[in-house]
Amino acid sequence: MSELYQKIVLDRTRYPRHAGKPAQFDAHGTGVNKLCGDKVSIYLTREGMDLHHETEGCAILTASADLMAEAAHGKDAAQIHELAAAFTSAVTTGTPNPALGELNALTPVSQFPSRIGCATLPWRALEEALQNV
Amino acid sequence: MSTTLDRYDITALREDFPILKEKVYGKDLVFLDSAASAQKPRQVIDAMTQVMTSQYANVHRGLHYMSEKASEAYEGARDKVAAFINAGSRDEIVFTRNATESINLVAYSWGRTALKPGDVVAVTQMEHHANLVPWQMLRDAHGTELRIIKITDAGEIDWDSLEDVFADGRVKLLSVTQMSNVLGTYTPVERLAKFAHEHGAKILIDGCQAIVHRKIDVRAIDADFFVFSGHKLYGPSGIGVLYAKAEILDAMPPFMGGGDMIASVSYEKSTWAKPPHRFEAGTPAIIETIGLGAAIDYVNAIGLDAIAAHEAALTDHALAVLPNIEGLRVLGSAQDRGGVFSFVMKDAHAHDIATLLDRQGIAVRAGHHCAEPLMGRLGVTSTARASFALYTTPEEIDALAKGLERIRKIFA
Numbered sequence: 001m002s003e004l005y006q007k008i009v010l011d012r013t014r015y016p017r018h019a020g021k022p023a024q025f026d027a028h029g030t031g032v033n034k035l036c037g038d039k040v041s042i043y044l045t046r047e048g049m050d051l052h053h054e055t056e057g058c059a060i061l062t063a064s065a066d067l068m069a070e071a072a073h074g075k076d077a078a079q080i081h082e083l084a085a086a087f088t089s090a091v092t093t094g095t096p097n098p099a100l101g102e103l104n105a106l107t108p109v110s111q112f113p114s115r116i117g118c119a120t121l122p123w124r125a126l127e128e129a130l131q132n133v
Numbered sequence: 001m002s003t004t005l006d007r008y009d010i011t012a013l014r015e016d017f018p019i020l021k022e023k024v025y026g027k028d029l030v031f032l033d034s035a036a037s038a039q040k041p042r043q044v045i046d047a048m049t050q051v052m053t054s055q056y057a058n059v060h061r062g063l064h065y066m067s068e069k070a071s072e073a074y075e076g077a078r079d080k081v082a083a084f085i086n087a088g089s090r091d092e093i094v095f096t097r098n099a100t101e102s103i104n105l106v107a108y109s110w111g112r113t114a115l116k117p118g119d120v121v122a123v124t125q126m127e128h129h130a131n132l133v134p135w136q137m138l139r140d141a142h143g144t145e146l147r148i149i150k151i152t153d154a155g156e157i158d159w160d161s162l163e164d165v166f167a168d169g170r171v172k173l174l175s176v177t178q179m180s181n182v183l184g185t186y187t188p189v190e191r192l193a194k195f196a197h198e199h200g201a202k203i204l205i206d207g208c209q210a211i212v213h214r215k216i217d218v219r220a221i222d223a224d225f226f227v228f229s230g231h232k233l234y235g236p237s238g239i240g241v242l243y244a245k246a247e248i249l250d251a252m253p254p255f256m257g258g259g260d261m262i263a264s265v266s267y268e269k270s271t272w273a274k275p276p277h278r279f280e281a282g283t284p285a286i287i288e289t290i291g292l293g294a295a296i297d298y299v300n301a302i303g304l305d306a307i308a309a310h311e312a313a314l315t316d317h318a319l320a321v322l323p324n325i326e327g328l329r330v331l332g333s334a335q336d337r338g339g340v341f342s343f344v345m346k347d348a349h350a351h352d353i354a355t356l357l358d359r360q361g362i363a364v365r366a367g368h369h370c371a372e373p374l375m376g377r378l379g380v381t382s383t384a385r386a387s388f389a390l391y392t393t394p395e396e397i398d399a400l401a402k403g404l405e406r407i408r409k410i411f412a
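For the protein sequence lines, the chains are A and B, in the order given.
Number 131 in the numbering used here belongs to position 131 of the first sequence; there are no gaps in the numbering.
Number 271 in the numbering used here belongs to position 271 of the second sequence; there are no gaps in the numbering.
Any given hint might turn out to be false.
To be verified - Within a straight-line C-alpha distance of at most 27 Å, the following computed DSSO-like cross-link-like pairs (lysine-lysine) qualify:
(1) A/Lys-7 to B/Lys-409
(2) A/Lys-7 to A/Lys-21
(3) B/Lys-27 to A/Lys-7
(4) B/Lys-116 to A/Lys-39
Said to hold, decoys possible - To be clear about the criterion: a stretch of chain B counts as covered by chain A if any three or more of its residues have a C-beta under 8 Å from a C-beta of chain A, and this derived list gives those stretches:
(5) 348-355
(6) 370-382
No wet-lab data here; the hints were simulated from the structure.
From the three backbone atoms N, C-alpha and C, an ideal C-beta is built for every residue, glycine too.
Bound conformation, chain B alone:
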């Protein structure tokens, strides 16, 4: 931050993101696709550059100065992540490539050992493919069952359906998003964790979207597993996080074999390192991990409460402005929702909307948002989606509304 923030100084904050000065087709970039991947502040870019220019070597291997410096910075990022989500210990933080890999790690390692054939994994209708496909693969390979918890038309978890799914006592894992990447719905994760535990199940929380907008406390939630990606949190791509309670990680076998995850190796057999390194085979994403650490520092310096307040105002503004556009329908109307808006327009297909907005410099996503089954549940094939970040302004939402109004006229 260039300034001390007495109040939320959006102009100063936007200065931190070099890309926001770029022009698109000669127009100001209005970036409303942060839910797919967020832009990066100078602080993250500089931290990554600095690793490469002054303290780079492989980690955990060298006995030399540069390796020690790099290892220190890499492991320092683990401390930052642990503090950011209030984990009980740094050893509960496993670095992965992204949240998708984190879930696959759990499905492969924990799923094939802690779950027995016939045990049930339950997910909701509004999961990203990343929190559906790995459980289908586990089902097919290991004989577990996969059940789907319904959502209401408002886009909230249908509690009756949840209770139905758990009724026979066979659910051993509830794997659920904390914020839908399509509907913007926040799920009541603390209540869900309590429910799962009371029914003898563990809970995995896909925090990809939520962690960008809300303070996460994995211990207050009582999450067994919590996953997220660095690139949505203003950090680089290629780095993700798996949090799991220490006793769970301790009992899990490795996901991949290779260097850095072993205690000892002979030609006959090997023994595994303790978590988290047991799950970090091979040279990790050193530069990206340090970049994630810088992103966490950046977000902490602004404060998630301040970010949340800013984004709540943006969400209210969007909810006031978007429904005024004739023929536009925002999908989902959850009580607790954040700055992710999927919408459809009468006569204009989502891809045409995205292309025509793009020519006005406005970036939105269009398609099924890696949630194809949810599209079917909502009765649409695709939607356009606008999503907000800490650098989004009300004026950008107005620009979106104006752009949509022009599109409406084209297709009218």
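The shape of chain A in the complex, shown without the other chains:
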């Protein structure tokens, strides 16, 4: 019915690999979508840039948070900012970017303007976590 709800997105929603609050972490950031009430918390462990998330929201939000945790793994803050900018651009314009890998599964969200915020919310929470490190 829609290229947005393809296998990668549905799979990550059903079986997120990086969900849950870790016992220990160095910083965390949160994002709330005032429009719909969706919430996400990102927990960051500095060693290896290990990320976990807790999401309360739709499939797009959960898949985006989970794929983000993987894409950011092992990167430094500067690289993550770059990735965040590339991701935001891809989901806004709908143009996939080879540098984004599996995150490109979310680029069709560009056709659903009211949902772009769901995809970018985890990234905003991550930016906040990085500021709290």
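Please arrange chain B on chain A, whose structure you already have, making use of the hints.
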């Protein structure tokens, strides 16, 4: 109406709403979001266009022909509203921007003068934010107390909780919805008004949802305040109504100062006009008010009884069809309910449901429906909501069910 309605001619009625012919992503528009805002019939659109093309000027000011014509039409809408809700007098009808503004007007003007610090305002757990936040603001600014009356799991007012809240005799206002915008529950407003009055309290009724579906008689209810918005009643946005009993309005100070609300003005002081104009500072929404008048004419021509019967059949149909979808749960099961259905689906989030329905041309709302605390009470964070109007067809409900079935399979 294009025809005289011997029976409810849904095909003819739908012809009155130009937007219903629009295609969405190449598909027929199935508009199931009328509880948020209803579509407009040609009669309303034409009335508004006609004001602007042939009888527009500012109201209550000019001594010229156009101003007189516009004032006549504007004040004529007040008569229509008064008759529509059976107010005792046209002077009990105050035009506002919407029901939200009407409640804020009451909270600000009546709340800060008629209520003393320590007096209690009571609302229910199923209020729209518009009937909660103004009372929180009044509490914080004026020292009143705000109490919340519980609802049952079925989504009805918990009468034990109501009695508890009133037990110490401090409640001075019961502010309550007549129909929940989330659960579709109708509240027993006449019984509630009697209860409030017996306990020395006034009652404000948020009639936004109910007025679209049921005949309202503010005198039979014995409502002290009754508020609604034009845009849900097939009228334009930007126009709302506050009804209040004459003696209450008479004692209320202005909400806003400016032109049109004064009796006399000097540099030192001013005196206020009588209600309703005391509460209508500045140039009002002239075109929208006349549009609301046209919407009332339109609804009256069909008849609210006929509309109610049609919508009752739609509600029964939805209650028969929706629960058959595996994993779908309709929230609330009130005995007296109307065509507003909130639901959740196993594994599929409300926003995903809304997006996937949208691509099938079906418009529903998803989210907390401006009733965030109620979501917590119901144990959900958001729901999808389908709501019906006079132009909704059983086939559209079937299309919704079919669409939901497809979504269920995607997330299964």
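Evaluated hints:
no.: 1; hint: A/Lys-7 to B/Lys-409; verdict: holds (13 Å)
no.: 2; hint: A/Lys-7 to A/Lys-21; verdict: holds (25 Å)
no.: 3; hint: B/Lys-27 to A/Lys-7; verdict: holds (25 Å)
no.: 4; hint: B/Lys-116 to A/Lys-39; verdict: violated (39 Å)
no.: 5; hint: 348-355; verdict: holds (count 6)
no.: 6; hint: 370-382; verdict: holds (count 4)
Comparing the model with each earlier hint shows a violation of hint 4 alone; every other hint is respected.
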